[in-house]
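**Q** What follows is the residue order along each chain.
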Amino acid sequence: MKIAIASGKGGTGKTTLSTNLTALFAETEKIVLTDLDVEEPNSGLFIKGELVKEEIKYKMIPEWKEDTCTLCGECQKNCNFHAVIQLGPQILVFPELCHSCYACSELCPTDSLPMVSQRMGTLNHYENGNISFIESRLDIGQEQAVPLIAQTNDYIDKTFDKNIVKIFDAPPGTSCPVIEATKDVDFVILITEPTPFGLHDLKLAVETMKELKKDFGVVINRYGIGNNDVVDYCEGDNIPILAKIPNSRKVAELYSKGELVYTELPEIKQEFLKIRNYILNLKINN
Amino acid sequence: MKIAFTAKGTEWESEMDPRFGRTEFILVYDDGKDEFTSFDNREIENEAHGAGPKTSQKLFEMGPEVLITGNGPGGNAATVLEKAGIKIYIGAGQMSVKEAYGAYKNNNLKEF
Numbered sequence: 191m192k193i194a195i196a197s198g199k200g201g202t203g204k205t206t207l208s209t210n211l212t213a214l215f216a217e218t219e220k221i222v223l224t225d226l227d228v229e230e231p232n233s234g235l236f237i238k239g240e241l242v243k244e245e246i247k248y249k250m251i252p253e254w255k256e257d258t259c260t261l262c263g264e265c266q267k268n269c270n271f272h273a274v275i276q277l278g279p280q281i282l283v284f285p286e287l288c289h290s291c292y293a294c295s296e297l298c299p300t301d302s303l304p305m306v307s308q309r310m311g312t313l314n315h316y317e318n319g320n321i322s323f324i325e326s327r328l329d330i331g332q333e334q335a336v337p338l339i340a341q342t343n344d345y346i347d348k349t350f351d352k353n354i355v356k357i358f359d360a361p362p363g364t365s366c367p368v369i370e371a372t373k374d375v376d377f378v379i380l381i382t383e384p385t386p387f388g389l390h391d392l393k394l395a396v397e398t399m400k401e402l403k404k405d406f407g408v409v410i411n412r413y414g415i416g417n418n419d420v421v422d423y424c425e426g427d428n429i430p431i432l433a434k435i436p437n438s439r440k441v442a443e444l445y446s447k448g449e450l451v452y453t454e455l456p457e458i459k460q461e462f463l464k465i466r467n468y469i470l471n472l473k474i475n476n
Numbered sequence: 332m333k334i335a336f337t338a339k340g341t342e343w344e345s346e347m348d349p350r351f352g353r354t355e356f357i358l359v360y361d362d363g364k365d366e367f368t369s370f371d372n373r374e375i376e377n378e379a380h381g382a383g384p385k386t387s388q389k390l391f392e393m394g395p396e397v398l399i400t401g402n403g404p405g406g407n408a409a410t411v412l413e414k415a416g417i418k419i420y421i422g423a424g425q426m427s428v429k430e431a432y433g434a435y436k437n438n439n440l441k442e443f
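For the record, the sequence lines run as chains E and B. Position one of the first sequence corresponds to residue 191 (the working numbering), numbered consecutively onward. Position one of the second sequence corresponds to residue 332 (the working numbering), numbered consecutively onward.
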């Protein structure tokens, strides 16, 4: 059972929700939390554990072999990302733009662009009681999050039983990293705030999830600020609202100290319980 | 000598485009023949990645020795342009093409 916590807008509470929900689940059952926001993972500020595994992750990029290349230009023509450029008598490869799709390498008639591995980041696996926490982190200077997210998902699939509830803290936005982080999950929770900005980006996220044919629901964070437009939008479009987490200065204070919030604040815990129960119902019906 | 401009149109009076990779047009002036050639680059809008290298590659095919632009190319584009041996002058983003050419001729532009 895989649940992704995503959002259109950044800073709406993905990590707060992911980490608190994880801890709440862990009170009664085993749970896996994976931080897929590999460009800036931060769930680890709230969830600690014993490091049980550390893997260095590599991506494959083409390397130009000048001696066999006939400068036919097929590579450049087939690269959708302009990571391979022909400049007169030479081929330039831009590893940061490369999506490791292998098109240039496979379609090269003289095998002059073999794929070679390049380090892109790390995967750390921590254990703490009922919680398994996996955090992947891109190296500084690496631009492509997708290959590391894909490899992290592979690690989760081969390491954990498929019946365990798994929570994925997704990257913000609606671009490739979010697609990679959500495409294989059973349910997506879109967390937003009740402001015009929150609504605008929620709509983008909803469109994305519809395109991916995902089941999804909305959690409204900082409920009580802004206006009622997010609620009206969800009700009008028949999007389930799983919980409304009340706006509270105390949440920000606890978060800023790297502490969980639901343990201290009963009115917040009540909302997290609604989300947990929603997920457990999904699990039963799955 | 061929001199390239990043521009929002294809004439002397056109405004310069301060962007390199996502420039609307590449305009090349051949001062020996006193003639322009241009490339409509507006399809670059649809590219999420790699606009810099792509535009650089096109520029290379057009064969100028000098590029006059506004903000200057990003890292990837700069790598391509350097390999192509094209000299880059920046700071002409708010001028017309004609003014940018004049500023270049009078050595008033900064070399990238």
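Hints in this document: simulated from the structure, not taken from any laboratory. Ideal Cβ placement from N, Cα and C applies to all residues, glycine included. Among the hints, erroneous ones may be present.
What the hints assert, rightly or not - Computed list of lysine-lysine pairs in DSSO-like fashion (alpha-carbon distance at most 27 Å, straight line):
#, chain 1, residue 1, chain 2, residue 2
1, E, 267, B, 364
2, E, 255, B, 441
3, E, 255, B, 389
Stated by the list, open to error - A partial selection of chain E residues facing chain B, derived with a Cβ cut-off under 7 Å:
#, residue
4, 271
5, 272
6, 275
7, 277
8, 421
Claimed, not checked - The following residues of chain E were derived to be distant from chain B, with all beta-carbon distances above 12 Å:
#, residue
9, 245
10, 273
11, 278
12, 284
13, 296
14, 305
15, 313
16, 347
17, 362
18, 365
19, 403
20, 412
21, 427
22, 430
23, 440
24, 447
**Q** In terms of Cβ atoms, is chain B entirely out of 12 Å range of residue 278 of chain E?
**A** It is violated; residue 278 of chain E is separated from chain B by about 7 Å at its closest Cβ, not greater than 12 Å.
**Q** Would you mind confirming whether the straight-line C-alpha gap from residue 255 of chain E to residue 441 of chain B stays at or under 27 Å?
**A** violated (37 Å)
**Q** Please check whether the beta-carbon of residue 412 of chain E is more than 12 Å away from every beta-carbon in chain B.
**A** holds (31 Å)
**Q** Given the hint that residue 267 of chain E pairs with residue 364 of chain B, does the C-alpha gap stay at or below 27 Å?
**A** Since the Cα atoms of residue 267 of chain E and residue 364 of chain B sit roughly 32 Å apart, the hinted pair is violated (cutoff 27 Å).
**Q** Beyond 12 Å from every Cβ of chain B: is that where the Cβ of residue 313 of chain E lies?
**A** The claim holds: residue 313 of chain E sits with its nearest Cβ about 25 Å from chain B, beyond 12 Å.
**Q** Does the claim that residue 245 of chain E lies off the interface hold, with its Cβ farther than 12 Å from every Cβ of chain B?
**A** The claim stands: residue 245 of chain E keeps its Cβ more than 12 Å from every Cβ of chain B (closest is about 27 Å).
**Q** Is the shortest C-beta separation between residue 275 of chain E and chain B less than 7 Å?
**A** holds (5 Å)
**Q** Is it the case that residue 284 of chain E keeps its Cβ farther than 12 Å from each residue Cβ in chain B?
**A** Violated, because the least Cβ-Cβ distance between residue 284 of chain E and chain B comes to about 5 Å, which does not exceed 12 Å.
**Q** If I take the minimum Cβ distance from residue 362 of chain E to any residue of chain B, is it greater than 12 Å?
**A** The assertion about residue 362 of chain E holds, with a minimum of 17 Å to chain B.
**Q** So is residue 430 of chain E really clear of chain B, every C-beta pair being over 12 Å apart?
**A** Answer for residue 430 of chain E: holds, closest chain B Cβ roughly 32 Å.
**Q** Measuring Cβ to Cβ, find out whether residue 427 of chain E lies farther than 12 Å from everything in chain B.
**A** holds (28 Å)
**Q** Return the status of the interface hint for residue 271 of chain E: holds when the least beta-carbon distance to chain B is below 7 Å, violated otherwise.
**A** holds (5 Å)
In the structure shown, a violation is registered for the earlier hints numbered 1, 2, 8, 10, 11, 12, 18, in ascending order.
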